[in-house]
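Given next are the chains, with one letter for each unit.
Protein chains: 2
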Amino acid sequence: MIIDCHGHYTTAPKALEDWRNRQIAGIKDPASMPKVSELKISDEELRESIEKNQLRLMKERGSDLTIFSPRASFMAHHIGDFQVSSTWAAICNELCYRVSQLFPDHFIPAAMLPQSPGVDPATCIPELVKCVERYGNVGINLNPDPSGGHWTSPPLTDRHWYPIYEKMVEYDIPAMVHVSTSCNACFHTTGAHYLNADTTAFMQCLTGDLFKDFPTLKFVIPHGGGAVPYHWGRFRGLAQELKKPLLKDHLLNNIFFDTCVYHQPGIDLLTQVIPVDNILFASEMIGAVRGIDPGTGHYYDDTKRYIEASTIVVGDDRHKVYEANARRVYPRLDAALKARGK
Amino acid sequence: MIIDCHGHYTTAPKALEDWRNRQIAGIKDPASMPKVSELKISDEELRESIEKNQLRLMKERGSDLTIFSPRASFMAHHIGDFQVSSTWAAICNELCYRVSQLFPDHFIPAAMLPQSPGVDPATCIPELVKCVERYGNVGINLNPDPSGGHWTSPPLTDRHWYPIYEKMVEYDIPAMVHVSTSCNACFHTTGAHYLNADTTAFMQCLTGDLFKDFPTLKFVIPHGGGAVPYHWGRFRGLAQELKKPLLKDHLLNNIFFDTCVYHQPGIDLLTQVIPVDNILFASEMIGAVRGIDPGTGHYYDDTKRYIEASTIVVGDDRHKVYEANARRVYPRLDAALKARGK
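From first to last, the protein sequence lines stand for chains A and B. Numbering-wise, the first sequence is residues 1 to 342 according to my numbering. Numbering-wise, the second sequence is residues 1 to 342 according to my numbering.
Excised from the complex, chain A in its bound form:
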């Protein structure tokens, strides 16, 4: 089985975006704030949006199951207050849940949280609980910068975030550390902010001792870990300067990287320097980079091709990257699969 641990519902029916735009307009003009009940998307519309897009590509490319969460760039936690984020998160999570019910063999949900800048992350717990207990979510996306590029929250090692970690540990669910749209003109969302956040999150964990407090807490750092594997020597050296243990002991029981790196040399570097047990297959299709690489004739984000062409990830290691690591990092995914005899 090939599990893609990083998929977003980037192809939701247009009605979702229209409703969101009305909600955003309603922040300044409360009279025009739409009701949740005004958003109507039929199962048929959901089905079509998936069958023509993600599911089609999954079948073409040969992956089986996607851990599916709301569109990352649309989380936009910086917009409005907690109430706005809360309503929006509930809507987006329900849609991913419905997709998972319509295509139970191909999609299993991960939740966005109703984060809001300056608001206690504990306020996210009810949505998280609902998503795990009622919707069968197997993970969450945690935004280390709900301000959208102004980085006004404390580092992930700060006790500020502990309420979420306590719940994650209780449920044994990992968080993908994933920012959303940048509203800082310096940072292009998918070309700078995403990668910077990956690097930043890793370095926050490196300087801190978070995993002493939460030995079973797990983070998936997307986009191949930002700049981290490319600068693995730098990070090993910085850990040394900071008198931290070796990275494999300090961080690699808790931090995992996905394979959303869109060319062969990048995947080769990732798999060369990061232990195979810490690498989870992912594509983030249909996402930031949707085109075809003129150098290969294939989609940039068809990351399975890079794994297939790898001379580093072979034999049982390939099974780890494709399936076994995901089952281990997402125990509720494993349990759900086993319950279905898989």
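Keep in mind that the hints were calculated from the coordinates and are not lab data. It is possible that some hints are incorrect.
Copies of one chain are not kept apart here, so a pair can be met inside one copy or by any two copies together.
[Stated by the list, open to error] Calculated lysine to aspartate or glutamate pairs in the EDC-like style (CA-CA distance at most 20 Å, straight line):
| id | residue 1 | residue 2 |
| --- | --- | --- |
| 1 | Lys-248 | Asp-213 |
| 2 | Lys-14 | Asp-249 |
| 3 | Lys-14 | Asp-209 |
| 4 | Lys-248 | Glu-166 |
| 5 | Lys-212 | Asp-334 |
| 6 | Lys-244 | Asp-213 |
| 7 | Lys-244 | Asp-293 |
| 8 | Lys-248 | Glu-45 |
The structure displayed is predicted, hence computed values, not measured ones.
Given chain A, put chain B in place with the hints provided.
Chain B in isolation, oriented as in the chain A frame:
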């Protein structure tokens, strides 16, 4: 000849830091603001600080000439106002100039600018002019985020920065795009902020058309380009989505990467994906990572070893990375060397 294009005066005599601390104290208490004349560092002290450190390592490792600028993390443009930055930049640039006079065969200066958050970059021109015309500087360090991790300045493609670019083009000097200390708790200075800035600067250039306005403007992006080479597929794909030309045409006549990547797989990736004409040898010794890699028994920042061990950079390509590219990107360096018959 082996030219290291990225060296900072990280080992300046303690008197410099003491003076800076008094200057910082003087921001709140003007009565205690020190005079420039109160900083006294003899040639003997300068000589010792270099001979025991950078020059010793250059001889051990086998590099000949370092493009030498003030300590990056000490630029701290976010501290105080323009006057504070201006005085501080003048002091630091003068020290690097004196080092270059004491060791003309081994050091040639590049200037820090007296940037200050919210202040027109045109205010930096007098210091820049002095450094080029009187001190023989061959390049500058340009901080895209003088706020120190809050990213409050416009992107590098904004006309805000054009006064500096006009002067750079006039003098035919490149800028190394280099941030300073992060005062944002989210960003570790050398483990996150530096790498993020590298990635951010590249993506700003990718989204813009700066080099249409300044076809001869040149940026060196340090630390191996942050996350860029590792995600070269992503950046090629993003350029495609944004209807930009191929990166080699859009950016690679103007953007260059150094080799401050502290392990063999990273250097191998860099040299595999980035054209050799765009790679300049550098180590940033004695900098962020000063330790010895237990995996190799050698200093992490002894980047010459990675080039020597490379099976990708061989023959004439090695000469390009070590010398010819630096002479091309820093024409005033080339002229200075030729004037000495080199």
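Hint numbers contradicted by this structure: 2, 3, 4, 5 and 8
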